[in-house]
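S.K.: Chain by chain, the residues run as shown.
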Amino acid sequence: MLNISQLLDEIKASPYREIVVVAPHTGKITFAEIAPGDRVHGPQGQWKELPGDRLATLERERNPKPVCAPENGEISLVHKELNGCFVEAGTPLVVLRHMLTRDEVQRTILQKTLHLFLAPERAKYYFTPEADKKIRSSDAHSVTVRDGMELFIMSRMKREVPLHYTGPDGVIYEVYFKYNENLDAGAPLIGVCPQAHLHVIHDMIIRVQTEWTET
Amino acid sequence: MDNSIEKRLHNLRERLSYITDVFAGKHSDSTVMLEERLTFFAGRAMSGASENAYAELATVEDLFAHVERRLDKTLSPMDKVRIVRHPQRFCLRDILENVYDNFTEVGGQDEHSLDPGMLIARAVITRSRGKKKYMQSIMVIGQEKGHGAEYRNGGSVKPWGNAKALQYMNVAETEGIPIHTYIFTPGSYPVEDYPGAAQQIAKNIYNMAGLSVPIVAVVSEGGSGGAEAIGLADKRLMLSHGYYSVISPEGAAAIEGRLKNGERASPELIEHCAAHLKIQAEDNLRFGYVDKIIQEPPLGARPWHFDFFRSLRQDVIRATDEVVISTRKMPVLRGLALARHRNPETDIDGLYIRWGLSGAAKARLVHRRQQKFLRLSRQAARDRRPFLTKTATTFLDWISKPWVSFKYDFYHKHQRQISTLMEEINNEIDMIKYRLLSPWRKLRCRLPGRQDDKAQELTTLSTWEESGRSRKWNYLSPRYKIDRTLTCPNSESYGCLDLWGPDLFAEFAGVCSHCGYHFPMEPEWYVHNVFDAGSIIEFNSEIEAGNPLDFPDFSDKITAAKEKARAKSGCMTFEARIDNIKMVVAMLMGTFRGGSVGAAEGYKFVEAAARAAKKRYPFLAYVHGTAGIRIQEGTHGVIQMPRCTVAVRRYIEAGGLYMVLYDTNSFAGPVASFLGCSPYQFAVRSSNIGFAGPGVIKETTGMDIPPKYHRSYRALSRGHIQGIWDRRQIRPNIKQALLTIGGRNLYYR
Numbered sequence: 001m002l003n004i005s006q007l008l009d010e011i012k013a014s015p016y017r018e019i020v021v022v023a024p025h026t027g028k029i030t031f032a033e034i035a036p037g038d039r040v041h042g043p044q045g046q047w048k049e050l051p052g053d054r055l056a057t058l059e060r061e062r063n064p065k066p067v068c069a070p071e072n073g074e075i076s077l078v079h080k081e082l083n084g085c086f087v088e089a090g091t092p093l094v095v096l097r098h099m100l101t102r103d104e105v106q107r108t109i110l111q112k113t114l115h116l117f118l119a120p121e122r123a124k125y126y127f128t129p130e131a132d133k134k135i136r137s138s139d140a141h142s143v144t145v146r147d148g149m150e151l152f153i154m155s156r157m158k159r160e161v162p163l164h165y166t167g168p169d170g171v172i173y174e175v176y177f178k179y180n181e182n183l184d185a186g187a188p189l190i191g192v193c194p195q196a197h198l199h200v201i202h203d204m205i206i207r208v209q210t211e212w213t214e215t
Numbered sequence: 001m002d003n004s005i006e007k008r009l010h011n012l013r014e015r016l017s018y019i020t021d022v023f024a025g026k027h028s029d030s031t032v033m034l035e036e037r038l039t040f041f042a043g044r045a046m047s048g049a050s051e052n053a054y055a056e057l058a059t060v061e062d063l064f065a066h067v068e069r070r071l072d073k074t075l076s077p078m079d080k081v082r083i084v085r086h087p088q089r090f091c092l093r094d095i096l097e098n099v100y101d102n103f104t105e106v107g108g109q110d111e112h113s114l115d116p117g118m119l120i121a122r123a124v125i126t127r128s129r130g131k132k133k134y135m136q137s138i139m140v141i142g143q144e145k146g147h148g149a150e151y152r153n154g155g156s157v158k159p160w161g162n163a164k165a166l167q168y169m170n171v172a173e174t175e176g177i178p179i180h181t182y183i184f185t186p187g188s189y190p191v192e193d194y195p196g197a198a199q200q201i202a203k204n205i206y207n208m209a210g211l212s213v214p215i216v217a218v219v220s221e222g223g224s225g226g227a228e229a230i231g232l233a234d235k236r237l238m239l240s241h242g243y244y245s246v247i248s249p250e251g252a253a254a255i256e257g258r259l260k261n262g263e264r265a266s267p268e269l270i271e272h273c274a275a276h277l278k279i280q281a282e283d284n285l286r287f288g289y290v291d292k293i294i295q296e297p298p299l300g301a302r303p304w305h306f307d308f309f310r311s312l313r314q315d316v317i318r319a320t321d322e323v324v325i326s327t328r329k330m331p332v333l334r335g336l337a338l339a340r341h342r343n344p345e346t347d348i349d350g351l352y353i354r355w356g357l358s359g360a361a362k363a364r365l366v367h368r369r370q371q372k373f374l375r376l377s378r379q380a381a382r383d384r385r386p387f388l389t390k391t392a393t394t395f396l397d398w399i400s401k402p403w404v405s406f407k408y409d410f411y412h413k414h415q416r417q418i419s420t421l422m423e424e425i426n427n428e429i430d431m432i433k434y435r436l437l438s439p440w441r442k443l444r445c446r447l448p449g450r451q452d453d454k455a456q457e458l459t460t461l462s463t464w465e466e467s468g469r470s471r472k473w474n475y476l477s478p479r480y481k482i483d484r485t486l487t488c489p490n491s492e493s494y495g496c497l498d499l500w501g502p503d504l505f506a507e508f509a510g511v512c513s514h515c516g517y518h519f520p521m522e523p524e525w526y527v528h529n530v531f532d533a534g535s536i537i538e539f540n541s542e543i544e545a546g547n548p549l550d551f552p553d554f555s556d557k558i559t560a561a562k563e564k565a566r567a568k569s570g571c572m573t574f575e576a577r578i579d580n581i582k583m584v585v586a587m588l589m590g591t592f593r594g595g596s597v598g599a600a601e602g603y604k605f606v607e608a609a610a611r612a613a614k615k616r617y618p619f620l621a622y623v624h625g626t627a628g629i630r631i632q633e634g635t636h637g638v639i640q641m642p643r644c645t646v647a648v649r650r651y652i653e654a655g656g657l658y659m660v661l662y663d664t665n666s667f668a669g670p671v672a673s674f675l676g677c678s679p680y681q682f683a684v685r686s687s688n689i690g691f692a693g694p695g696v697i698k699e700t701t702g703m704d705i706p707p708k709y710h711r712s713y714r715a716l717s718r719g720h721i722q723g724i725w726d727r728r729q730i731r732p733n734i735k736q737a738l739l740t741i742g743g744r745n746l747y748y749r
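Protein chains in written order, with our numbering: chain A, 1 to 215; chain B, 1 to 749.
Calculated from the structure, these hints are not laboratory results. Every value quoted in this text rests on a predicted model; they were computed, and no experiment measured them. Think of the CB as a built atom: it goes at the ideal place given N, C-alpha and C, for glycine as much as any other residue. Treat each hint with caution, since some may be false.
With a Cα cut of at most 25 Å, we get these calculated DMTMM-like pairs of lysine to aspartate or glutamate [stated by the list, open to error]:
1. LYS48/A x GLU345/B
2. LYS28/A x ASP483/B
3. LYS124/A x GLU181/A
4. LYS698/B x GLU49/A
Listing some non-contacts, in silico: residues in chain A with all C-beta distances to chain B over 10 Å [said to hold, decoys possible]:
5. GLU10
6. VAL22
7. PHE31
8. GLU33
9. GLY37
10. GLN46
11. ASN63
12. GLU104
13. THR113
14. PHE117
15. LEU118
16. ILE153
17. ARG156
18. LEU163
19. ASP169
Not the full set, but computed from the structure, chain B residues with beta-carbon under 7 Å of chain A [said to hold, decoys possible]:
20. GLU424
21. ASN426
22. ARG484
In isolation and in its complexed conformation, chain B is listed as follows:
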């Protein structure tokens, strides 16, 4: 048999096994038919019975193509998950070889790399205009799953791999070349070793929010945190057979089915979750979380689909050009150039756009990117504010802008000169008064019955001043009424005695009087005991958490949570005062579905940051507890990670002080983005901080983790947080922190 026939036969066998794997038992009639035809032809070719083997082979190949096209229409979301995870799917190295004209790996070679799962390369493409050739450089960053799969860890990047990516993003910024990121990850590797999974992702997102070079991201397998670590881009393209999701369908099934101790979810439940999480490219395009879909050949692209790589090349170059063009100042020229580029007939290789940006264009680029993310996912939260309130708020915002800018930008800047002048005038007046009144004073001193204050102070007993100890709490947890004792969890090791409930939850503020263990308290306790009494002004309380994906049975659960927590969402935003220092507080409440963050919570957080920036108040994120992103909201939830981080970055860059205080358990998405990016993070004692809980770590890495793995003290040693506070000292500590650290635009400075 001819060598080339052998080769093509091998290719067909691979395609057949691919189809079998992807559909996992479905459409068996088609696969059986294909297999029969293939073996029949192979038998004939082997025995030499076939007269025109090439023609017969072409027929079989046509049949394969036909069946693939037909089956492509029946793909379910879970089939797509199997496609992106299939070993035959193309990888980042295939892209580097087929999309770019030349490249050099710079992030390490093969297994000799800080993290072989993260691949970084400098690539070039050549474009021509007329006879002139232009070389353009790009920094390519992405996860690699294949080509040495045994050490790539399935594209699950360790924290130091993400740190490497960040390092080279900064290199690209210095060199002024665009960045192309390719997302091929099932999720980040959840270990807390330095720099810490959550902390590093937070740093990446924060930096990408202000990177002054064009960034284009292409999503094939976008698994939550790992994807966001390199995913905050000006243009996000998505492959038609990829998925972009908050959690793997298996993970969602484990949570939905409330599975414990490594039980396996049933395939039906996984399929059900995949279908309802809306993870496909079309869904994400509809929501606006990706800008364009790149069409793949039927049943997904594999390394031999060279046409696909050609169209991918056109698309990423076009996207980069569009980003660059959209930063131009002249609207007419910008519109013309964009229209030319968006025309699908245009040959992008024949156009040349310079990718370097001027200083002003860089500022516009960053601004556009930030605006883009701030606008996302508004529709997914239910804004129940009445129309009049909304209009009035917008109007007031508009009206108050000049006043605020006069008050803070002009008056406060010149306040010192004004007050110095006033003081001098007052001094003069006082002196005149003193001289004028001196005869009268002399007369009064000689009057009988006048006691000397000094003598009285030295001869009488001092009185006991009101001390902090005797101060009663403004609010007592309702649990103080329980008539029972409680055992401190540390009693085994420290020998703590039992604590009587009414003591513990009232006077002791939930702190073990022997070892200092902090029992969890309600969010209300903090609201009333940390801030000045009566100073709380809540805003945006009408923004409600909903069920934007219509996830089955979830509407009831969210309604139940609203009733139980007596709140409309898991995030409460309010203005408050501590000793008359005003601040804006966003509180994530662990009592509302574990403090998970969805579209409504993100919306309120973004609004709170904007309010703090406008009023020049410090912004405190008090995390009573958060379990991560609300998975039932799918990508509506995961988009809050870049979105809130952008809001926070804008606030910090406007000169504000953003401070985070963790309590109880804080995990996953929020910690890996808008909380973890704060330069000033503190924790309350006995709190746990991490990226993934023990169950998830066991499931994804197979490692057992030691019992105190997520303790805040470990986060402190690692440098994630800056200090650990006693609960009873939160108020003085916050006050001290406000007076001593942070931003230049604080009103009380």
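This is chain A alone, in the form it adopts within the complex:
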């Protein structure tokens, strides 16, 4: 049986993701006016067209390049001792603590609790017509899958091959691919949850949406 509370508590114990910002290439590093504890913004705007806050400037061959924050977060560590030094590619510069948002927490828990069926190779994927019809008419939860069931059509260069589902029986909880979009090998296609666990997962989502406070 799944223990959602335990999972949630685990995440609550460390409610952030640490992002280590590294030097993209060699060069002389100059840090911006940042100190541990500062809050910085990641890329913003409707299309993420505005770059994130500048953390440092990396200069190589008289070509200064900004190093920007990849996500919203709080700076937990700045390697100030490197200021003005020549650094190698991959040298850690800044550590950011990105506080997890509700959606991120939900996604993490779902990835842990659901059975993920992965794409075997890079291709476009579609549901078989019967499954597709069901999903369109109600929603993904109404589709029950069993081991060995023909569920997908894999399409590469317009050559279509049926793909059989393998894994535990249950209902499709999440669909991770979009129509007419290429997926890399190993990317999750669907998340399946046994019928009996469905209500537990519903509870979990409600708990995350209500209890998790975003900062």
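Chain A is already provided as a structure; the job is to place chain B on it using the hints.
M.R.: Structure of chain B alone, referenced to chain A:
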């Protein structure tokens, strides 16, 4: 209280709120006084204390009229802007109801229209001569701001609205009825959805330049591109309280104050800009951009000023008659009829002029219209050519005309027959020579020590031919000396490596070797690398950009720009060759005040088109970059849109090939007129083409636009441009285009 008193009181209250709005806080003593008198009278009338309410009311009304007359004299340009934008101002539907005798809307009904902002109607007026009645039809086209203001979008017409206007102009041409356009727009709606704001306006202007029916335009609120889309007319009338401008005063203030990210300009700055842009009717009449001012009642006409509508009716009919009369061939009759019409005492409704035109009259009409626009705004550019040069040029033009027409119209037409004859004669001579010399040839073959060419070619190694790759550029950008690397803007998405400056700006011609991104290059790079070395002959370089409106601080800026770009104006015109194909090139330089177009640039462009037409050369407009019309020149700038388009149309109709090549950023007025109207437009990779920049779109429409909204590839998908070229391939591509497309009069055909 009497019902009619109530009504008149309501009217007075409206007038008071109108005055308050128009003056925005100024003349508060007058408004306070009017308000006191009004409330005093209203109180007395309500309580029944007034013995002769009608007489008292008449006194108050007289007072209102007096104050309005007095305040009318103090109107500033910005007050006039507030007048034309006021909800109480009359709209196109008021005109349709009060000026014309009957009408049917044909461009859609209310909100059920392709674009409710553009109103199109077939209207009729009835005139009489003696007892006989005549009905005359007119196509009325104009922007509508009120009467359903919630869906009219403030008269800001979307591209498809302008397309609708064009469609009905063509209908009017087919039916042979005159067009009356009424301009009530703050500007065109700057979206790039098909057909594209700029592209559609360009099409409209191009078509109006050759429309064979009389067109009369009346300007109330003439905001640059939106106004020009229906404004190229035989007669342009302007309302005395209207404005006609290159940009809204707020927009000008935002540019002057260098405001970014939606900051608001201060009211003083806006007032200052409005005052110096010379947007009023008197200014435009003085410059010659409108033909007549229609006087409005004090503080501007409102829907209840029926006298005004009567005079408007007289004026538009008179203008239409004058246009028709002026196409007549007999000078004496024409003069008499014009004199009769221009007499202000004449009752126009009692005269009848047939508005249909014969074929020859249509040609004269179009010719007159084109000539009229070509003559405009000459005085606004500083022509620094010495008097002798100017005289010599005119004289040479005059002298060379017969020679040119002999060379191209006669000789080139009959060239084929002449050359066929010459070839046949040569063939005969060759044959005779061959027979005569054959004994000698036989003798030579038998001489010892002679090698066979064929054997040599087959037995020796071939040599490496000079290929295009190893060709060095004729000109290197001075930036190639910088000792640093540069980052390609696409490196995030494509992972381009850093580029070393000396490589990038010399051998790579400013093109990222990984993703093909084009860094901007100087205009000189194109001049020297696209055309044959040493083939450039610049002309009219002495025509200088100036400050015709005496816009404050602008003279210094323009002098600084001249020094920086080492040019007298933002347009360089020259003759050049590509593999010995000669052509005339007009280049708009993005390095000279952003490549903005003013009177001098327009002048040079028009002259270049005329030169290309005369010499039967192809005409290439190379747009290194243009930011639009130079706003500090006001209407001197905006008039270049119809003017240059007329020049281009005349050139194309004379059988020339007009081609446009966009580079870096091309926006606004020029793209929406003389560039956008070309049938053959190409772009260099990484260029941006559009009507308004992201900041302006955000400000006027409130929409955020996606980052790659103006990319040339979008313009290509929309059908605005015909192809996208690599910078390194411009030369071969232009040559191929010249040899494969366009006009019948090209000298090399």
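S.K.: With reference to the structure, classify each hint as holding or not holding.
M.R.: Okay, the hints, checked on the actual structure:
1. LYS48/A x GLU345/B: Not OK: LYS48/A and GLU345/B at ~67 Å, beyond 25 Å, violated.
2. LYS28/A x ASP483/B: Satisfied, since the Cα-Cα distance of roughly 17 Å is no more than 25 Å.
3. LYS124/A x GLU181/A: 6 Å, holds
4. LYS698/B x GLU49/A: 15 Å, holds
5. GLU10: 35 Å, holds
6. VAL22: Non-interface label on VAL22/A holds, nearest chain B Cβ at 16 Å vs cutoff 10 Å.
7. PHE31: It holds; PHE31/A is separated from chain B by about 20 Å at its closest Cβ, greater than 10 Å.
8. GLU33: Nearest chain B Cβ is 22 Å from GLU33/A, so the label holds.
9. GLY37: 28 Å, holds
10. GLN46: 5 Å, violated
11. ASN63: 4 Å, violated
12. GLU104: 23 Å, holds
13. THR113: 35 Å, holds
14. PHE117: 30 Å, holds
15. LEU118: 26 Å, holds
16. ILE153: At roughly 30 Å from the nearest Cβ of chain B, ILE153/A sits farther out than 10 Å, so the non-interface label holds.
17. ARG156: For ARG156/A, whose nearest Cβ neighbour in chain B is about 24 Å away, the distance exceeds 10 Å, so it holds.
18. LEU163: About 31 Å separates LEU163/A from the closest Cβ of chain B, which puts it past 10 Å; holds.
19. ASP169: Fine: 42 Å to the nearest Cβ keeps ASP169/A off the interface.
20. GLU424: 60 Å, violated
21. ASN426: 60 Å, violated
22. ARG484: With a minimum Cβ separation of about 3 Å from chain A (threshold 7 Å), the hint on ARG484/B holds.
The structure fails hints 1, 10, 11, 20 and 21 (numbered hints given earlier, in ascending order).
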